[in-house]
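Let chain A serve as the given structure and place chain B on it in line with the hints.
One letter stands for each residue in the lines below.
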Amino acid sequence: MALDIKPTRSELINLKRRIKQTSSGYNLLKMKRDGLFHEFRTLLSEMISAREELVGTYRDALQAISLASSIEGGLSVKSAAIAASKRPEVSVSKRNIMGVVVPKVDGQNLKLSTEDRGLGLIGGSPYIDEAADSYSLLIEKVVKAAEMEATLKRLLEEIEATKRRVNALEFKVIPEMKEAQTFIQLRLEEMEREETFRLKRFKNK
Amino acid sequence: MSNVSYGRSNVYNASARAKARKASLIDSTRMRQLLQQGPDSIGASIGELGYRTEMDMYASRMSGADAVEAALFHNMDNDIHQVMSFCHGHLRSLVAIYVERFDYEKAKTVLRAINGGASDEMIEDQILPPENTRNSPWLAIVRSTEGLQEAVDAMSGTPWGRTLSKLEGDLTLEEMENALDMQYFSDAIKAVKSGKGEPRLLRYLRMEIDHRNIINQLRAIRLETSQEKRSSIVIPGGRIDNSVMKQACLATNDSDLLEALGRSSSFDATGFEEAMSKSSSQGTLDPYAELLSHQRHSLLKKFSHLSPISPFPVIHYIECKALEIRNLRLLVRGKAAGLPDDVIEAHMDY
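Chains as they are written, first to last, in our numbering: chain A, 255 to 459; chain B, 7 to 356.
By construction, these hints were calculated from the structure, which means they are not laboratory data.
Here are the computed distance ranges between Cβ atoms for each label pair:
id: 1; chain 1: B; residue 1: Thr276; chain 2: A; residue 2: Ser347; range: 53 to 59 angstroms
id: 2; chain 1: A; residue 1: Asn363; chain 2: B; residue 2: Gln42; range: 40 to 46 angstroms
id: 3; chain 1: B; residue 1: Asn248; chain 2: A; residue 2: Asn363; range: 35 to 41 angstroms
id: 4; chain 1: B; residue 1: His300; chain 2: A; residue 2: Arg349; range: 50 to 56 angstroms
id: 5; chain 1: B; residue 1: Gly44; chain 2: A; residue 2: Arg408; range: 41 to 47 angstroms
id: 6; chain 1: B; residue 1: Glu152; chain 2: A; residue 2: Arg349; range: 41 to 47 angstroms
id: 7; chain 1: B; residue 1: His300; chain 2: A; residue 2: Asn363; range: 33 to 39 angstroms
id: 8; chain 1: B; residue 1: Ala65; chain 2: A; residue 2: Ser367; range: 38 to 44 angstroms
id: 9; chain 1: B; residue 1: Gly268; chain 2: A; residue 2: Ser367; range: 29 to 35 angstroms
id: 10; chain 1: B; residue 1: Gln42; chain 2: A; residue 2: Val346; range: 47 to 53 angstroms
id: 11; chain 1: A; residue 1: Arg349; chain 2: B; residue 2: Gly70; range: 41 to 47 angstroms
id: 12; chain 1: B; residue 1: Glu130; chain 2: A; residue 2: Phe291; range: 54 to 60 angstroms
id: 13; chain 1: A; residue 1: Glu411; chain 2: B; residue 2: Tyr356; range: 56 to 62 angstroms
Chain B regions said to be covered by chain A (calculated; three or more residues, Cβ under 8 angstroms):
id: 14; region: 278-292
id: 15; region: 339-350
Remember, it's a predicted structure, so these values are computed and weren't measured experimentally. Just so it is clear, CB atoms sit at the ideal spot from N, CA and C, and this is done for glycine as well.
Isolated chain A (complex conformation) (with noise of 0.2 angstroms):
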């Protein structure tokens, strides 16, 4: 380390200072990246569940489907899907976790009623309601895992942020600015017995 610092006393006190401030200030980031691998960890073992259901749900929507586009025809699934005049939407918003903004979203029209999806009741397939209410379940799963997925993500890189901060701290400014500090006084001492030596001889002379 290149020691461009002047080694005087005011010097010593402000670096004191700053070590001081530095080390709360670590101190405050370590409880931020504690924290937010906590929040990390509960969000995480919550997105694997989710995940799990989203995987069996998309499974049983798929399997509905099938059986919906094999028994009643590819052409009636899809004339049954353009009837609906309410389609699926989402809207993302911010919310905030211990400073960290992640996207909130919400959807509007994601499970149908049957009213909503506007086909006549007499006519109906039952296969074609089953696909219709599994891709609904499948969409709110599927909106549910992507504002986890995408919360989990800024998480991870705040985490990320917060971890190089840290380490920064713990090992390059806080270690160099004691060296600073060490090295200050040092040289202050250094300092005082060379004018203690100084004036020893003018007293000899």
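Quick look at chain B alone, frame taken from chain A:
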């Protein structure tokens, strides 16, 4: 449909021709052989079984199961047209009762497309392909109309158009579809009753109405539809008494529904217990739908043999052709979607 013709019928000739056509349909053995084939080769095999012309028409712009399905529908439209062309007089009117259901379905598709704001291109590409000239009038309605009322006006002169124009107020698509379905069955019953007396055809139609009502009530239970709405979707004219159907509308689960239906002597409860347990374990209405479908087909088959000189052989042929189309579609779509062979076979009806 309600204007039943009393002109001279050619029942002998038409029945013989229908039976000859039925004999050339794909039999259960060949169908099972197709089931053993992979998804790649099944299309080619279907082509060799009489669907080559239509498949070639769609091969240039569609692929896979979509092309095969469009070809199957096209072939069926052609076939129905040919059958209708050799039926005359009163027979033609009676066969038309069965055949018109396909037109009602197309009318509903057009209304759905207009209500949902689907583009003309999407309808042409995926639902009513222009290669099938019988779709032209329907496509013309889709292209030339903007709202549901305009579509209803464009359908004037047809039985479904007349039904829709009778409706008053600002109607939703659901109400229109329900009205069309009600009208279809009402017209069909009226037409059969007003004819020379076709008790078996009447019985078949009434059974179909009962089955529709039963499956709709089962669906309504799952959809948690209000009792008022459930009563409104009961199609009148079935063999099960209205009072029993009213009781059935109050049922909150399958068991109560079957118990209520069991009070009618016309309700055939055979197989329902098994279907109910399968349905509750699988969480689907599939077992009921399959049971009712098998019951209808076996009755139609029985009537076709009991009344060899009647509209039944012709209607039975059309039903068998529709079944063949359904089975082939099931094979193609099922294989493409990766459904297990046993699931596909369980849903096939011969």
